[in-house]
Amino acid sequence: MRWTWRNLDTIGAALGEHVLLVGAALLLAGVVALPLGVLVARRPLWRAAVLGASAGLYSIPTLALFALLVPLLGLGFRAALLALASYAMPVLLRAVVTGLEGVALAVREAADGMGLTPRQKLWQVELPLALPSVLAGLRVAVATLVSAATVAAYIGGGGLGVLILTGLDQGHTEKILVGATLVCALALAADVALRRMQRA
Amino acid sequence: MIELRGVTKAWPGGAGVQALDLSVPEGECCALIGPSGCGKTTTLRLVNRLVEPDAGSIRIGGADALKQDPVHLRRGIGYVIQEGGLFPHRRIGANVATVPALLGWNAARTRARVEEVLTLVGLDPARYRDRWPHQLSGGERQRVGVARALAADPPVLLLDEPFGAVDPLRRAQLQAEVLSLLKHLRKTVLLVTHDVQEAVRLGDSVALMRGGRLVQHAAPAEMLAHPADGFVAEFLGADRALTRLGLFRIRDVPRDAATVAGEALPEATTLRDALSAMLERGVRAVPVTEGGALTLEAVLRSR
Chain A
1 MRWTWRNLDT IGAALGEHVL LVGAALLLAG VVALPLGVLV ARRPLWRAAV LGASAGLYSI
61 PTLALFALLV PLLGLGFRAA LLALASYAMP VLLRAVVTGL EGVALAVREA ADGMGLTPRQ
121 KLWQVELPLA LPSVLAGLRV AVATLVSAAT VAAYIGGGGL GVLILTGLDQ GHTEKILVGA
181 TLVCALALAA DVALRRMQRA
Chain B
1 MIELRGVTKA WPGGAGVQAL DLSVPEGECC ALIGPSGCGK TTTLRLVNRL VEPDAGSIRI
61 GGADALKQDP VHLRRGIGYV IQEGGLFPHR RIGANVATVP ALLGWNAART RARVEEVLTL
121 VGLDPARYRD RWPHQLSGGE RQRVGVARAL AADPPVLLLD EPFGAVDPLR RAQLQAEVLS
181 LLKHLRKTVL LVTHDVQEAV RLGDSVALMR GGRLVQHAAP AEMLAHPADG FVAEFLGADR
241 ALTRLGLFRI RDVPRDAATV AGEALPEATT LRDALSAMLE RGVRAVPVTE GGALTLEAVL
301 RSR
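Order-wise, the sequence lines are chains A and B.
Under this note's numbering, the letters of the first sequence match residues 1 to 200, in that order.
Under this note's numbering, the letters of the second sequence match residues 1 to 303, in that order.
Chain B on its own, in the form it takes in the complex (with noise of 0.2 angstroms):
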């Protein structure tokens, strides 16, 4: 869990952070968004204390985070960045072992670590494990970003835009894979992008930040279906109910027993994506691949 409390931090050239509370409940992943300038990366690097706050508190896990050694803190927590960071000097192998090394590990239970967490991001450890950085494509320099970020098995990661240098093709299917691992292993995240789809695709809960303040935080659907205010509307777009459409699937609305003639969608398909169907079927129903058939009614109903 992590819990900020009146946080301030104020750069000279302002644009810094003030009285900001914002806690991410243990397991969840809150996304930071907003223009740049916001404070959205400032925030972020509060808590692993990259940077050091004016005023407030910072609690990681029940825990002072002010109290504790800066260094030590950060190897408590995972840090994930833009490109990985990989430190190009050093194979693959010897960057996702960089915390356990700084904590001491023996060689036996850091090699076995980082076979563990390579395979975890779909790297397989025996082609990779000896290769450079250099070598890699971006995706995979962001899977090694991530893998060397959970190595120590910290209970926090932090990422900063993780997802920014890898191409929008693969970005997609890397995002989901990384959430769900991520969901998976119950880590509390706090991810950092100026990207909205990813915002509410990632976040449990989406905080939206402007001039160092926090403007909302909510659930994806909940902000897109009643932004706060004229600001939130125009920063979500204005194909935020197309956006929250693809925060639903088939499965989770109500079907119609009806038999529809056309090619059926899997009941995992996101509305968004059965009401473009419709919108290039000219039909107001689809026939839905495990039964039944979703309506434009009960996509319109969703909201």
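Here chain A stands alone, though its shape is the one from the complex (with noise of 0.2 angstroms):
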């Protein structure tokens, strides 16, 4: 536990590195997923050719992502991001859709009835109504993420996946399970406060 201590300034920047990563990439999935999920979710054609897409991205093993974006952005914080949100952006697209297509026929029938205007509609109940689905998407696409940051260290994009990979050249115990441990802590603290605001 030598090292650990001595570390500790370090250990902190490589978590917070592995959270901003994760978090920058969920946002930036999110703002592509929830307009793309609402555009598609009442067109089943477009509904079709989308969700056919993104699960073919979805597919693309992470690692082979990474190597993919190198060659255009670099190696870094930008490609590991990318790489990351369009990793997490099928799994809330998803959700999205499941969510608004589980909205049952005669509350949508009744909100036009009413003379609720189709973004009230949206705000006020079929996003609302949506939420449990994009939630449990939510907390999928967290773990995925949680995970999938480890390996953007091999391009350079920093966060705990740095302390197990140099620990693994140098042969340095204490720094790969700090890393490793560190990213199962991570994972399931995320996971326990997302089914808390399931939950509510």
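By construction, these hints were calculated from the structure, which means they are not laboratory data.
Quick caveat: nothing in here was measured; it's all calculated off a predicted structure.
Every residue gets a Cβ at the ideal spot worked out from N, C-alpha and C, and that includes glycine.
Which chain B residues face chain A? A few, computed with CB under 10 angstroms, are given here:
(1) Asn48
(2) Pro70
(3) Arg74
(4) Ile81
(5) Glu83
(6) Gly84
(7) Gly85
(8) Phe87
(9) Thr98
(10) Gly145
(11) Ala149
Hey, can you piece these two chains together into the complex? The hints should help.
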């Protein structure tokens, strides 16, 4: 444990980078997934095309996606961010679409019939009712990203993966353990927090 | 008053509405019936412009509905659908307050009106206002649906199979209550149902549709006595004469002065139930609580 105590600032910085990377990627993915989901949820043809394409995106292995983005964006935070965002986006998109599809027809018709404008219907009725599904998707996305962000260290994205990678290089067991434990703890903590939100 | 003139709506798959003329006078209830796909629901939805017509004119209370902003129009028309279509994420009070909120009423006025309409539909506001839709029975949800439609006091109400999800035992009572309430409030009502009994009981007039056209539009007793054609007769059912007797009460026909033995029926009893009592007892006359007797001849003459 001597290494740990002497390098608390490095560990803290890595943890901070990891959280920042995951948070920024989630935000970026959400900014794309939410409007796109709203746009395609009620349009069967578009929905099939967009969900199909995003499932394709999701099926690209993390490391391969990182490797593909490096020639375009170079090594570093930006490439890692974009790769992680495009990894979370399909999960969130599917959650938004599923949530909106789950809103009963009678409820949507009642909203129209009462005289809600399309925008009022979306914000006051459809999105609140889709929220449980969106939160469930968010849980999956967070769990996926916390682990995928570890791989970002390969392309200089920073985060807890750096501790694990350099630890592996140097045969430094303590470093590896600290990195891996923190990744697990982060994933669990985020999941517990989101589960609380889901219940509320 | 609702007035449709030459209204046409074609759907890609057929089953639209063709050159439909239909008018519902102020304060009356018109029941739209017909087999599924006959265009009755489309007709209803044309009135609040959830469906836009290809041709024709639609006037509500004398104003051209097609010239108004559809969202604005809908806020002035009560709309009740099966199961009420309540918003599951809003409490009963907030559900009822939907249209007042859209119209920008202040909190005090909205709150007072919510209490008023919940009371009107027979639900104690103190008990129901803060509950969630899923905590209510089908019948209670339907009452809330009616309360929500009445909240902004619209002159016209559209009811789409409003009692379909209510269990049969409670349905008749709920129908009777809602009908007398709407009558009392002098609302103009267009009601869609596939249930002949419901249509003749609730409608001042019944409009029977088939293949997007209006086949017959008449008072229930008139339609049951004189179906326009074989289709109407068949749709109304082989027991249409009995259904028609259900529309009249003992007090509506002349009574015999003779004293008859047996348990007396109150004069609010329908002729259908009175006839059933005669059949059950094997007699040609039954005593009436308010005096005199109802004879089989009087029942037969009522047609």
